[in-house]
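Chemist: Oh and the sequence shown: position 38 is 508 in the numbering used here, straight run, nothing missing.
Simulated from the structure, these hints should not be mistaken for lab results. Don't take each hint at face value.
[Said to hold, decoys possible] Pair by pair, the computed Cβ-Cβ distance ranges are:
| # | residue 1 | residue 2 | range |
| --- | --- | --- | --- |
| 1 | Gly526 | Gly479 | 38 to 46 Å |
| 2 | Ser528 | Ala557 | 29 to 37 Å |
| 3 | Met471 | Arg501 | 18 to 26 Å |
| 4 | Lys560 | Ser530 | 18 to 26 Å |
| 5 | Lys565 | Glu493 | 45 to 53 Å |
| 6 | Ala539 | Met471 | 53 to 61 Å |
| 7 | Tyr529 | Lys494 | 47 to 55 Å |
| 8 | Val547 | Arg523 | 15 to 23 Å |
| 9 | Leu543 | Tyr500 | 29 to 37 Å |
[To be verified] BS3-like cross-link-like pairs, simulated, lysine-lysine; straight-line CA separation at most 27 Å:
| # | residue 1 | residue 2 |
| --- | --- | --- |
| 10 | Lys494 | Lys475 |
| 11 | Lys506 | Lys546 |
| 12 | Lys475 | Lys506 |
| 13 | Lys546 | Lys567 |
| 14 | Lys537 | Lys567 |
| 15 | Lys507 | Lys494 |
| 16 | Lys546 | Lys565 |
| 17 | Lys537 | Lys507 |
| 18 | Lys560 | Lys537 |
| 19 | Lys560 | Lys546 |
| 20 | Lys494 | Lys482 |
| 21 | Lys482 | Lys472 |
| 22 | Lys504 | Lys489 |
| 23 | Lys507 | Lys482 |
| 24 | Lys504 | Lys494 |
| 25 | Lys565 | Lys538 |
| 26 | Lys538 | Lys567 |
| 27 | Lys565 | Lys537 |
Virtual Cβ for every residue (Gly too), placed ideally from N, Cα, C.
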Amino acid sequence: MKLAKGYFGRRKNVWTVAKNAVEKGLVYAYRDRKAKKRDFRGLWIQRINAGAREYGLSYSQFMGGLKKANINLNRKVLADLAMNNPAAFKGIIEKVK
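Build the full structure now, drawing on both the sequences and the hints.
Modeler: Structure representation (structure tokens):
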């Protein structure tokens, strides 16, 4: 019942309904911790792609160029650079080209 605190209606004070609601909530929490990682990876890829296309490269060309140039930056850092530090991202693009 402690876990059902804050739920609405019978979900907070009727034992069987609260138990079912809490169990379902825990299932959603477990599942969505995994989905969150997928969602962020997709977001980072979109941001990197948008940044790379400004300089005439596709995402796959850019990532392939990074591997060839032996630049080991993860997608999270690249996406942050593409959004918040375009000058640094442009420097990486020029090394890749």
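Chemist: Decide, hint by hint, whether the structure agrees.
Modeler: Right, here's what the structure says about each hint:
no. : hint                          : result
1   : Gly526 <-> Gly479: 38 to 46 Å : 57 Å, violated
2   : Ser528 <-> Ala557: 29 to 37 Å : 22 Å, violated
3   : Met471 <-> Arg501: 18 to 26 Å : 24 Å, holds
4   : Lys560 <-> Ser530: 18 to 26 Å : 19 Å, holds
5   : Lys565 <-> Glu493: 45 to 53 Å : 52 Å, holds
6   : Ala539 <-> Met471: 53 to 61 Å : 58 Å, holds
7   : Tyr529 <-> Lys494: 47 to 55 Å : 37 Å, violated
8   : Val547 <-> Arg523: 15 to 23 Å : 19 Å, holds
9   : Leu543 <-> Tyr500: 29 to 37 Å : 31 Å, holds
10  : Lys494 <-> Lys475             : 15 Å, holds
11  : Lys506 <-> Lys546             : 14 Å, holds
12  : Lys475 <-> Lys506             : 25 Å, holds
13  : Lys546 <-> Lys567             : 21 Å, holds
14  : Lys537 <-> Lys567             : 12 Å, holds
15  : Lys507 <-> Lys494             : 21 Å, holds
16  : Lys546 <-> Lys565             : 19 Å, holds
17  : Lys537 <-> Lys507             : 23 Å, holds
18  : Lys560 <-> Lys537             : 17 Å, holds
19  : Lys560 <-> Lys546             : 16 Å, holds
20  : Lys494 <-> Lys482             : 14 Å, holds
21  : Lys482 <-> Lys472             : 9 Å, holds
22  : Lys504 <-> Lys489             : 23 Å, holds
23  : Lys507 <-> Lys482             : 31 Å, violated
24  : Lys504 <-> Lys494             : 16 Å, holds
25  : Lys565 <-> Lys538             : 10 Å, holds
26  : Lys538 <-> Lys567             : 10 Å, holds
27  : Lys565 <-> Lys537             : 11 Å, holds
Checked against the numbered hints given earlier, this structure breaks hints 1, 2, 7, 23; the rest are met.
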